[in-house]
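**Q** Each chain, letter by letter, is given below.
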Amino acid sequence: MYIIGRCLCVCLALLLCFSCGSNESEKDNAKQIAIIVSTLNNPWFVFLAETAKEEAANRGYVARIFDSQNNTSLESNHFENAVALGYDAILLNATDSDGSVANAKKAMEAGIPVFCMDRELNNPDAATSQIVSDSYSGCVELGGLFVRSLKRKGKYVELLGLVGDNNTWNRSKGFHAVVDQFPEMEMVAQQSADFDRNKAMEVLESILQAHPDVDAVFCGNDAMAMGAQQALVAAGKDKAIRVYGFDGSEDAVRSVQAGGLDATVMQFPQKIAETAVAFSDEYFKGKTEFQQKTLVDVELVTPTNVDRYTSYGKE
Amino acid sequence: MYGISALIGLVLLYLSFDIVPLDERAETTAGEDVAEMVAVYFEETLPAVMLDAPQPCGLLKTLETEDSNGWEKYGQQTAIGNRYYFLISGQGQVNTVEDDFITVTFGTGEAQCTFRISTVYIFGNEIRDASGKLQLKEVGSLPTFNSLSESINERVRKQVVAPFLKSVKEGKTIQVQGAFALNRRLGWDPDVEIKPIQLQFKD
Numbered sequence: 001m002y003i004i005g006r007c008l009c010v011c012l013a014l015l016l017c018f019s020c021g022s023n024e025s026e027k028d029n030a031k032q033i034a035i036i037v038s039t040l041n042n043p044w045f046v047f048l049a050e051t052a053k054e055e056a057a058n059r060g061y062v063a064r065i066f067d068s069q070n071n072t073s074l075e076s077n078h079f080e081n082a083v084a085l086g087y088d089a090i091l092l093n094a095t096d097s098d099g100s101v102a103n104a105k106k107a108m109e110a111g112i113p114v115f116c117m118d119r120e121l122n123n124p125d126a127a128t129s130q131i132v133s134d135s136y137s138g139c140v141e142l143g144g145l146f147v148r149s150l151k152r153k154g155k156y157v158e159l160l161g162l163v164g165d166n167n168t169w170n171r172s173k174g175f176h177a178v179v180d181q182f183p184e185m186e187m188v189a190q191q192s193a194d195f196d197r198n199k200a201m202e203v204l205e206s207i208l209q210a211h212p213d214v215d216a217v218f219c220g221n222d223a224m225a226m227g228a229q230q231a232l233v234a235a236g237k238d239k240a241i242r243v244y245g246f247d248g249s250e251d252a253v254r255s256v257q258a259g260g261l262d263a264t265v266m267q268f269p270q271k272i273a274e275t276a277v278a279f280s281d282e283y284f285k286g287k288t289e290f291q292q293k294t295l296v297d298v299e300l301v302t303p304t305n306v307d308r309y310t311s312y313g314k315e
Numbered sequence: 316m317y318g319i320s321a322l323i324g325l326v327l328l329y330l331s332f333d334i335v336p337l338d339e340r341a342e343t344t345a346g347e348d349v350a351e352m353v354a355v356y357f358e359e360t361l362p363a364v365m366l367d368a369p370q371p372c373g374l375l376k377t378l379e380t381e382d383s384n385g386w387e388k389y390g391q392q393t394a395i396g397n398r399y400y401f402l403i404s405g406q407g408q409v410n411t412v413e414d415d416f417i418t419v420t421f422g423t424g425e426a427q428c429t430f431r432i433s434t435v436y437i438f439g440n441e442i443r444d445a446s447g448k449l450q451l452k453e454v455g456s457l458p459t460f461n462s463l464s465e466s467i468n469e470r471v472r473k474q475v476v477a478p479f480l481k482s483v484k485e486g487k488t489i490q491v492q493g494a495f496a497l498n499r500r501l502g503w504d505p506d507v508e509i510k511p512i513q514l515q516f517k518d
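Here the protein sequences come in this chain order: A and B. First residue of the first sequence: 1, per this note's numbering; consecutive thereafter. First residue of the second sequence: 316, per this note's numbering; consecutive thereafter.
The following block holds chain A by itself, in its conformation from the complex:
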């Protein structure tokens, strides 16, 4: 009996050791995903990166976030580190549509798949697949609302995002595809405010000095729209001048609810991040052919439907 008891104890101990070793080994073998993000100063990108990290963990992968601080040189360092450390996939939110191409190619050449999230790269060979919001179509819809709200006639200002980012131009082109069809819509100023709230406030304050009679402001993202709104409140013109944004950020959605912004376009960073991780998962399981670009719908948020939305389109 004593011998049988001792044997059982030894077996149990061996089993425990074996199972611990097995867990440790599984953890060590878990695929690693690097999430390289343009900036963590903007809550939209924080949400995108955190969602991707969470989704990767849910699928049993180890993910780490790298902040490029809107600097392609820093982004380049992150790519070099990711390659050297043997990451198995990279989810990239690019700093610059052209400037980030070389960085992404480094990883691709090293055999590491790159899945772009939200920001496009201007070279199809630089990424395995690009998952992007349909910014152009969102701004076509927003442009229609803009013209209707102004009854097809008025002066307006456009605040552009970063000039090196494709999203800036996709949004601007979509908007102008509609607005330019109406000859009595006059753009009195078009300036970049780098997707930055403070810069947008300063730029609009300066524009209002030269054009105090504008009817509306179209902004390429919500941070700029909130900055523009702030400038209008300071000038006592927030009730007279309409402001439109893009993103569906928390403060923008609240502002639409409160009668501040006239509209924003909701992006779905959760869907973008989840799709990017799902693609990585498919890659790890052997899939090699991916659609070059996958579009994610965006939705127009107005005072009429804002109660149906939460920030960043969270589900």
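For the record, the hints were derived by calculation from the structure and aren't laboratory data. Among the hints, a few may not be true.
Unchecked claim - Taking lysine to aspartate or glutamate and the EDC-like style, the derived pairs with C-alpha atoms no more than 16 angstroms apart in a straight line are:
| hint | chain 1 | residue 1 | chain 2 | residue 2 |
| --- | --- | --- | --- | --- |
| 1 | A | Lys-153 | B | Asp-414 |
| 2 | A | Lys-153 | B | Glu-465 |
| 3 | A | Lys-271 | A | Glu-289 |
| 4 | A | Lys-53 | A | Glu-289 |
| 5 | A | Lys-151 | B | Asp-415 |
| 6 | B | Lys-376 | B | Asp-504 |
| 7 | B | Lys-452 | A | Glu-289 |
| 8 | A | Lys-151 | B | Glu-413 |
| 9 | B | Lys-481 | B | Asp-415 |
| 10 | A | Lys-173 | B | Glu-453 |
| 11 | A | Lys-151 | B | Asp-414 |
| 12 | A | Lys-293 | B | Glu-453 |
Claimed, not checked - Here are a few chain B residues that sit away from chain A, every Cβ distance over 10 angstroms (derived from the structure):
| hint | residue |
| --- | --- |
| 13 | Thr-360 |
| 14 | Leu-378 |
| 15 | Gly-396 |
| 16 | Glu-413 |
| 17 | Asp-415 |
| 18 | Leu-457 |
| 19 | Asn-461 |
| 20 | Glu-465 |
| 21 | Lys-487 |
| 22 | Gln-513 |
As the list claims (entries may be wrong) - Some chain A residues close to chain B (C-beta under 7 angstroms, calculated; not the full set):
| hint | residue |
| --- | --- |
| 23 | Leu-74 |
| 24 | Asp-125 |
| 25 | Ser-137 |
| 26 | Phe-182 |
| 27 | Leu-300 |
For each residue, glycine too, the CB sits at the ideal point set by N, CA and C.
Starting from the structure of chain A, add chain B where the hints point.
**A** Showing chain B alone in chain A's frame:
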């Protein structure tokens, strides 16, 4: 003598090049491709697809039914998300002529329904995407895909709507072929506007 020869050489060298900015060349090529694709779409693809397009009131009833499979059966999606595109075809009577749209009543009796048909804001991807026959992966580039919508809508505004508006009056009977988009999460939207593909007077 050498100077004149060199000058002639330089002139000949200059004339041997045809310098065109790269972006201009790219636009021209894309523009020609798009025009051709749009022509094929209107003349071949859409007429074939429209043969199976549902009647407006029948489709509306299907989409308003909870847990309906009508969204998948009749709708098309081109992106990840909630947006579905639909085609409709039917004969109806013009109710009102508004600044931005006309309202048309289709069907009779209890099966009657009224839709708005856009006459001004004909923008967006409805006509391109509702057939399900034009896909980004086949078109290749996103700018070209967007240009397709622009060209399709422009053609409708100029060739379909402009002549139609010259003669439209309340009470006229018309044949409508059109496309619209709906958000599945938000459900049926009574303010939705149908983008016309064809508008023909029947009386």
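**Q** Determine for every hint whether it applies to the structure shown.
**A** Now for the hints, and whether the structure bears them out:
With a C-alpha separation of about 14 angstroms, the suggested pairing of Lys-153/A with Asp-414/B holds against the 16 angstroms cut-off. Pair hint Lys-153/A plus Glu-465/B does not hold up; C-alpha atoms about 22 angstroms apart against a cutoff of 16 angstroms. Distance hint between Lys-271/A and Glu-289/A is unfulfilled; the C-alpha atoms sit about 21 angstroms from each other, more than 16 angstroms. Taken as a hint, the Lys-53/A and Glu-289/A pair is broken in the structure, with Cα atoms around 24 angstroms apart against an allowance of 16 angstroms.
The hinted pair formed by Lys-151/A and Asp-415/B meets the criterion: a straight-line CA distance of about 10 angstroms does not exceed 16 angstroms. For the given pair, Lys-376/B sits about 13 angstroms from Asp-504/B by alpha-carbon distance, which is consistent with the 16 angstroms threshold. Between Lys-452/B and Glu-289/A, the direct Cα distance comes to roughly 12 angstroms. Compliance with the 16 angstroms bound is thereby established for this hinted pair. Restraint check for Lys-151/A and Glu-413/B: satisfied, since their Cα atoms lie roughly 14 angstroms apart, inside the 16 angstroms limit.
The hinted pair formed by Lys-481/B and Asp-415/B meets the criterion: a straight-line CA distance of about 14 angstroms does not exceed 16 angstroms. In summary, the hint linking Lys-173/A to Glu-453/B is not supported, as the alpha carbons are separated by about 22 angstroms, beyond the 16 angstroms threshold. Among the hinted pairs, Lys-151/A with Asp-414/B is consistent with the structure: their alpha-carbon atoms are about 10 angstroms apart, no more than 16 angstroms. This hinted pair checks out: Lys-293/A and Glu-453/B have alpha carbons roughly 11 angstroms apart, not beyond 16 angstroms.
Every C-beta of chain A lies more than 10 angstroms from that of Thr-360/B, the closest at about 20 angstroms, which supports listing it as non-interface. With a closest Cβ-Cβ approach of about 18 angstroms to chain A, Leu-378/B is found to remain outside the 10 angstroms limit, as its non-interface label requires. The Cβ of Gly-396/B does not lie farther than 10 angstroms from every Cβ of chain A; its closest approach is about 3 angstroms, which violates its non-interface assignment. Here Glu-413/B stays apart from chain A, with its beta-carbon at least about 12 angstroms from theirs, past the 10 angstroms limit.
Residue-level check failed: Asp-415/B sits 7 angstroms from the nearest beta carbon of chain A, not beyond 10 angstroms. A cut-off of 10 angstroms between C-beta atoms contradicts the statement that Leu-457/B is not in contact with chain A; the least separation is 6 angstroms. With a least beta-carbon separation of about 5 angstroms from chain A, Asn-461/B fails to lie farther than 10 angstroms from that chain, contradicting its non-interface assignment. A cut-off of 10 angstroms between C-beta atoms contradicts the statement that Glu-465/B is not in contact with chain A; the least separation is 6 angstroms.
No Cβ of chain A comes within 10 angstroms of the Cβ of Lys-487/B; the nearest lies about 26 angstroms off, and the non-interface call holds. Non-interface call for Gln-513/B relative to chain A: holds, since the shortest CB-CB distance, roughly 21 angstroms, exceeds 10 angstroms. Interface restraint check: Leu-74/A against chain B, minimum CB-CB distance 28 angstroms, threshold 7 angstroms, status violated. The interface hint given for Asp-125/A is broken, as the beta carbon of that residue sits about 14 angstroms from the closest beta carbon of chain B, more than 7 angstroms.
Because the beta carbon of Ser-137/A sits about 6 angstroms from the nearest beta carbon in chain B, less than 7 angstroms, this interface hint is met. At its closest, the beta carbon of Phe-182/A sits 9 angstroms from a beta carbon of chain B; the interface hint therefore is violated under the 7 angstroms criterion. The restraint placing Leu-300/A at the interface with chain B is violated, with a minimum CB-CB distance near 9 angstroms, outside the 7 angstroms limit.
Comparing the model with each earlier hint shows violations of hints 2, 3, 4, 10, 15, 17, 18, 19, 20, 23, 24, 26 and 27; every other hint is respected.
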